[in-house]
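*Asks:* Chains as they are written, first to last, in UniProt numbering: chain A, 1 to 340; chain B, 1 to 340.
If you are wondering where the hints come from, they were derived from the structure by calculation, not from laboratory data.
One or more hints might be untrue.
With a Cα cut of at most 30 Å, we get these calculated DSBU-like pairs of lysine-lysine [to be verified]:
(1) Lys254(A) with Lys195(B)
(2) Lys176(A) with Lys172(B)
(3) Lys172(A) with Lys176(B)
(4) Lys252(B) with Lys195(A)
(5) Lys195(A) with Lys336(A)
(6) Lys156(B) with Lys159(A)
(7) Lys195(B) with Lys288(A)
(8) Lys175(B) with Lys254(A)
(9) Lys288(A) with Lys3(B)
(10) Lys288(B) with Lys254(B)
(11) Lys254(B) with Lys288(A)
(12) Lys202(B) with Lys288(A)
(13) Lys111(A) with Lys288(B)
(14) Lys252(A) with Lys176(B)
(15) Lys156(B) with Lys288(A)
(16) Lys102(A) with Lys195(A)
(17) Lys288(A) with Lys288(B)
(18) Lys132(B) with Lys175(A)
(19) Lys3(B) with Lys176(A)
(20) Lys132(B) with Lys3(B)
(21) Lys111(B) with Lys111(A)
(22) Lys195(A) with Lys176(B)
(23) Lys159(B) with Lys195(A)
(24) Lys254(B) with Lys172(A)
(25) Lys176(A) with Lys176(B)
(26) Lys111(B) with Lys202(B)
(27) Lys176(B) with Lys156(A)
(28) Lys172(B) with Lys254(A)
(29) Lys175(A) with Lys176(B)
(30) Lys176(A) with Lys131(A)
(31) Lys111(A) with Lys254(B)
From chain B, some residues computed to sit far from chain A (all C-beta separations above 10 Å) [unchecked claim]:
(32) Asn87
(33) Pro178
(34) Val207
(35) Leu217
(36) Asp320
Virtual Cβ for every residue (Gly too), placed ideally from N, Cα, C.
There are 2 protein chains.
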Amino acid sequence: MMKVSVNGYGTIGKRVASAILAQPDMSLIGVSKTSTNYEAYHAQRLGIPLYVPKESIKEFEDAGIKVMGTIEEMFRDSDVIVDATPNGVGAQYKQVYSSLGKKSIFQGGEKANVADVSFSALCNYDEAVDKKYVRVVSCNTTGLLRTLCTINRVEKITKVRATIVRRAADPKEVKKGPINSLTPDPASIPSHHAKDVNTVLKDLDIVTMAIVAPTTLMHVHMLNITLANQVTREEVLSTLSSTPRILLVSGKSKITSTAEIIEVARDIGRSRNDLYETVVFEDSVSVKGNELFLMYAVHQESIVVPENIDAIRAVTGFRDGLKSVEMTNTSMGIRKGYLV
Amino acid sequence: MMKVSVNGYGTIGKRVASAILAQPDMSLIGVSKTSTNYEAYHAQRLGIPLYVPKESIKEFEDAGIKVMGTIEEMFRDSDVIVDATPNGVGAQYKQVYSSLGKKSIFQGGEKANVADVSFSALCNYDEAVDKKYVRVVSCNTTGLLRTLCTINRVEKITKVRATIVRRAADPKEVKKGPINSLTPDPASIPSHHAKDVNTVLKDLDIVTMAIVAPTTLMHVHMLNITLANQVTREEVLSTLSSTPRILLVSGKSKITSTAEIIEVARDIGRSRNDLYETVVFEDSVSVKGNELFLMYAVHQESIVVPENIDAIRAVTGFRDGLKSVEMTNTSMGIRKGYLV
């Protein structure tokens, strides 16, 4: 049993904690919280051990939240620490993890050099095996890499030109905008996503342009991929529909938007309406000469969660990437094929 | 003096009417209305003659709105009719215009075959001269064509791969969505915009992907243009900044979004905060080999208005396209260079 703790219990941390609880080969030592917010109360209700900074113990106990110990005590009891602290904070914690000799998983909000390797399970599981520090790339980069590494199995990709329409805020966020604007993110080209893809697919010719739109549900990517040789639409669809962590939505099912995709996630009883899968609009998959076009949606809150689970296995020396992906998928109900 | 009437006084019609009033060589015979809504009251306040369907005269007079006559009487008194009726209605009216022997201008919501030529002033003014029926392409296609014909003057374009993030509704619309979704428009590729660009640039290799986002202010286009030969960023910026109907916004001015662009339009006293110009994010103009990348914003309510004015001149035999564009720009305060 791998003993894992999660530092930070926000959007990503709480989902990673739930996923760890579902794994047959992992035990959750606990999670850390710095704020006595609704997520702390919910963790307590779930029976998840809560660890807090030493100076916050009284605040938590005054708020009626039972504290198991200090964050450092949680770290000491862990084999692997998943850092799910806010962007940039993970790099500061790295010194603590390092001084305790603990392996750790960072999120895509950290710079690539925080870790030995940037990670996307379907692309480079092997590179992360036995590494000390692994960084799971961001939600958008995970969406890009999962798709590109899958298409690369159909035919060699020579060039990618992608645009990313980002959701403005997560559903729980109340202080972020825009509420009525399209905001290039940034106006300068390429956006950082291209560079982030290159941390894993090092020689790929990729340019990304990104813009923020006022919606909370999912990102959408629009890809123009140039291939070394022409492929058929059927070949691409066949590979996409047989790849785990990729789902297709068909125009026939009247699913035309991210709103309807999330409605399906709610209907089928997904925890927190999460969609760990990349959701490809089947009708968008088009071929013109040796170019491939497609559009897909990325659930920003959850797509990196299975990748975190696989990264935990990799750093602890579990060598079979395909097996890890399968274990993660089975335990979390992650599918392939068609959403409906 | 060209005698012009505007059939339909909604988002486009009311703006075209205002623009006609500003032209030294045109007189506005009147506008038509079918609904006794706030726009009808405002037209009356402005002293614009209102014409209505025969069967609606009593309804308008009961509502306290003075009617000058029937729509058909308005048509008879006109040299040119600008059709600004809802999508598809223009094609039905064409029979009426034709039976009266009147020249007419249609909007981009009509199919291309409604007219002898699809029109974008900076691309193909000459083709519209003396034609009987001209169709001004839609706001998105106007944005694409204005930009592409300008870039074509720098270097021959061989390929365009564009994504379009559409505003969901106009500011005045209260029954349209999405309110929280990204909706491929449509999921199938290409979107109709590529085909519409081909009505003017007939042999251009262009693929467009479009998506709707919940915002009302402007569309944004993200272009990847392949050129026959490499150009410098400076050459492109120099041409963009010296082309009328194109404005640049610079990161230095802290304009980072469509919201701030529209705020400037309000600050500088633009009527209805209209921006007839294509607004290019200067920071986005990038060159990689023989590829050019850029992002720009399109004000969907007003970008086609100057094109309608030029189209009126063209069908009445005014041969000098550059002169028409200059007259339209001067009369409407349309600029080039930098927005701020």
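*Asks:* Each hint should be assessed against the structure and marked as holding or not.
*Replies:* Going down the list of hints, with the structure as the test:
1. Of the supplied pair hints, the one linking Lys254(A) and Lys195(B) holds, its CA atoms being roughly 25 Å apart against a limit of 30 Å.
2. Under the criterion of a C-alpha separation no larger than 30 Å, the hint pairing Lys176(A) with Lys172(B) is consistent with the structure, at around 25 Å.
3. Distance hint between Lys172(A) and Lys176(B) is fulfilled; the C-alpha atoms sit about 25 Å from each other, no more than 30 Å.
4. For the proposed pair Lys252(B) and Lys195(A), the alpha carbon gap of about 24 Å is at most 30 Å, so the pair holds.
5. Restraint check for Lys195(A) and Lys336(A): satisfied, since their Cα atoms lie roughly 28 Å apart, inside the 30 Å limit.
6. Restraint check: the Cα-Cα separation between Lys156(B) and Lys159(A) comes to about 22 Å, which is no more than 30 Å; the hinted pair holds.
7. Between the alpha carbons of Lys195(B) and Lys288(A) the distance comes to roughly 15 Å, so the proposed pair stays at or under 30 Å and holds.
8. For the suggested pair Lys175(B) and Lys254(A), the alpha carbons sit about 21 Å apart, so the restraint of at most 30 Å is met.
9. The straight-line distance between the Cα atoms of Lys288(A) and Lys3(B) is roughly 48 Å, outside the 30 Å bound, and the hint therefore fails.
10. Note on Lys288(B) and Lys254(B): the hinted pairing holds, with a Cα-Cα distance of about 25 Å set against a maximum of 30 Å.
11. Annotation: proposed proximity of Lys254(B) to Lys288(A) is violated, straight-line Cα distance about 39 Å (limit 30 Å).
12. Taken as a hint, the Lys202(B) and Lys288(A) pair is honoured in the structure, with Cα atoms around 18 Å apart against an allowance of 30 Å.
13. For the suggested pair Lys111(A) and Lys288(B), the alpha carbons sit about 25 Å apart, so the restraint of at most 30 Å is met.
14. Of the pairs offered as hints, the one joining Lys252(A) and Lys176(B) holds, with about 23 Å between alpha carbons and a cut-off of 30 Å not exceeded.
15. This hinted pair checks out: Lys156(B) and Lys288(A) have alpha carbons roughly 21 Å apart, not beyond 30 Å.
16. Restraint check: the Cα-Cα separation between Lys102(A) and Lys195(A) comes to about 28 Å, which is no more than 30 Å; the hinted pair holds.
17. Our distance criterion of 30 Å between C-alpha atoms is met by Lys288(A) and Lys288(B), whose separation comes to about 22 Å.
18. The hinted pair formed by Lys132(B) and Lys175(A) fails the criterion: a straight-line CA distance of about 54 Å is larger than 30 Å.
19. For a cut-off of 30 Å, the pair hint linking Lys3(B) to Lys176(A) is broken: about 51 Å separates their Cα positions.
20. Our distance criterion of 30 Å between C-alpha atoms is met by Lys132(B) and Lys3(B), whose separation comes to about 15 Å.
21. Proximity of Lys111(B) to Lys111(A) is assessed by CA-CA distance (about 50 Å); at most 30 Å being required, the pair is judged violated.
22. The straight-line distance between the Cα atoms of Lys195(A) and Lys176(B) is roughly 37 Å, outside the 30 Å bound, and the hint therefore fails.
23. With a C-alpha separation of about 25 Å, the suggested pairing of Lys159(B) with Lys195(A) holds against the 30 Å cut-off.
24. Our distance criterion of 30 Å between C-alpha atoms is met by Lys254(B) and Lys172(A), whose separation comes to about 28 Å.
25. For a cut-off of 30 Å, the pair hint linking Lys176(A) to Lys176(B) stands: about 24 Å separates their Cα positions.
26. Annotation: proposed proximity of Lys111(B) to Lys202(B) holds, straight-line Cα distance about 16 Å (limit 30 Å).
27. About 42 Å separates the Cα atoms of Lys176(B) and Lys156(A), which puts this hinted pair outside 30 Å; it is violated.
28. Between the alpha carbons of Lys172(B) and Lys254(A) the distance comes to roughly 28 Å, so the proposed pair stays at or under 30 Å and holds.
29. Among the hinted pairs, Lys175(A) with Lys176(B) is consistent with the structure: their alpha-carbon atoms are about 25 Å apart, no more than 30 Å.
30. Of the supplied pair hints, the one linking Lys176(A) and Lys131(A) is violated, its CA atoms being roughly 36 Å apart against a limit of 30 Å.
31. At roughly 26 Å between alpha-carbon atoms, Lys111(A) and Lys254(B) fall within 30 Å of each other, so this suggested pair holds.
32. Annotated as non-interface, Asn87(B) keeps its C-beta farther than 10 Å from every C-beta of chain A; the closest such distance is 19 Å.
33. Not every Cβ of chain A is farther than 10 Å from the Cβ of Pro178(B); the closest lies at roughly 6 Å, contradicting the non-interface assignment.
34. Residue-level check failed: Val207(B) sits 6 Å from the nearest beta carbon of chain A, not beyond 10 Å.
35. Leu217(B), annotated as away from the interface, has a beta carbon of chain A within 10 Å; the closest lies near 6 Å.
36. The claim that Asp320(B) is not at the interface with chain A holds, since no C-beta of that chain comes within 10 Å of its own (minimum 36 Å).
The structure does not agree with the numbered hints 9, 11, 18, 19, 21, 22, 27, 30, 33, 34, 35 stated previously, though it agrees with the rest.
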